[in-house]
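Colleague: Residues per chain are reported as follows:
Protein chains: 2
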Amino acid sequence: MQKIESHACFGGRQEVWQHLSGVLGCEMRFGVYLPPQVALGPCPVLYWLSGLTCSEQNFITKAGAQRYAAEHGLILVAPDTSPRGEDVVDADGYDLGKGAGFYVNATEAPWSRHYRMHDYVVEELPALVDAHFPTTTARGISGHSMGGHGALVVALRNPGRYRSVSAFSPIVAPTRVPWGQKAFGAYLGLDTETWREWDACELVAGAKARLPLLVDQGEADEFLDRELQPSRLQAACEAAGHPLELRLQPGYDHSYYFIASFIGDHIAHHARALKE
Amino acid sequence: MQKIESHACFGGRQEVWQHLSGVLGCEMRFGVYLPPQVALGPCPVLYWLSGLTCSEQNFITKAGAQRYAAEHGLILVAPDTSPRGEDVVDADGYDLGKGAGFYVNATEAPWSRHYRMHDYVVEELPALVDAHFPTTTARGISGHSMGGHGALVVALRNPGRYRSVSAFSPIVAPTRVPWGQKAFGAYLGLDTETWREWDACELVAGAKARLPLLVDQGEADEFLDRELQPSRLQAACEAAGHPLELRLQPGYDHSYYFIASFIGDHIAHHARALKE
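Chain order of the listed sequences is D and B. When the letters of the first sequence are read in order and numbered with the working numbering, they come out as residues 1 to 276. When the letters of the second sequence are read in order and numbered with the working numbering, they come out as residues 1 to 276.
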């Protein structure tokens, strides 16, 4: 592990680290915010999964989350959104390949060699983080858009592993919308039955655990009707009796200005669960 | 004036506007944050001057200032750092030409045609802002690095025009350091006597008004000794009896992580003066 950046920030440190990922078969970077409370002892970790086109930089430079993490004593970990490097296969367009890993384990060539973001985010990265930073075992997960999908799916697929989950503008039903159908067709193949285990609405229907979902969605989001469709999650949660707090925010769009405006609420939500 | 961007943000709106500047002879963009309080009546304006290489985007996406502006009811205006466009002369290097206007009025060819950032920031832009947005007459000014120099110089040169001033990591003595000497040599020519009216330390010595200066400086700033040298400002203020609060912040560097950590203090400082 190599430290790439280190900046004092709200009494703690915002760092960027690089390491060789065995799961992904390439060098990866992630951001980690260490709040001032790490001087006193281990802190819980909130993982953040970013959206299409993002790297590890977007959340750490634009969300303003460090202020709230410093208030509550949470470590923030923000990975990249796909495998990277010259020998990693890519595609034309922003919504497939690099920057668009969709937090699945690809089964189809040529993607299956590197695109295993689920296992990276759930297994390899937390093991690395726990080995190098003063963490407790309490983990939460959140994310935006493709990363909101990632957070919901990761939490629902791995009951007991996360104590809290939330999402901004998530793709709640990737099997039903163009972004998800394009990515799943490439990464998972044409048998759409296999897609269902990567779709938050499908997972809610079969969930045994009842981890409450907090979702913020801007009503002026330019992708609302075509790609996001939060009413599908609302219907799935109602049908399954799964707890959901869906907050529709009038006037807000898909940008980091939206995330910045409500990330404080989300970090408070995670802190309540992680510090119990 | 053309609106380029508009995003809901902390109950207000973050916008970007483009207009033809007569002073600079080119199209210019600026960011404006309108807090929720503009719905109730006019609000004071805090101008923010950015540093080398920045556009109107850096401050509005990275500083996290909107949260505090929304709390205090301040409008934030963030201009670009130089004239722009294909027919504006540029130079090799990040510290001269585009992105490096230094908030002076250039007197030397070929710079004097477009590089008049002082008059743009002090005269043209506020007139435009006051004509288009619900402003009071109360103005403050702040900035970072080259823009910290700009904020101090603009406030000291124009007594009575700003009610409050602050700076992060300012170039306090541009006539004495490499960045300033390179820029002033190009923009103002070889007669160094003319440089003095654009140097905060020189201006403090001759200042008739006593506007208090708030300055934050990171002690781990990579440019501290070579380009910033805040002790020169401290000495000049002590000699002149000019009020200065210089805060040296241990561990902080020159980045926006530093600005984000203390912008709340600065906005509170300005709000106290602007809402009197």
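No lab work stands behind these hints: they were computed from the structure. This structure is a prediction, so every number in the text was calculated from the model and none was measured. Possibly wrong hints are sitting among the right ones.
The list cannot tell twin chains apart, which means a pair is met if one copy fits it or any two copies do.
Cross-link-like lysine-lysine pairs, in silico, BS3-like; alpha carbons within 27 Å at most [to be verified]: (1) Lys182 to Lys98; (2) Lys98 to Lys62; (3) Lys62 to Lys3; (4) Lys182 to Lys208.
Colleague: What hint numbers does the structure not satisfy?
Modeller: 4
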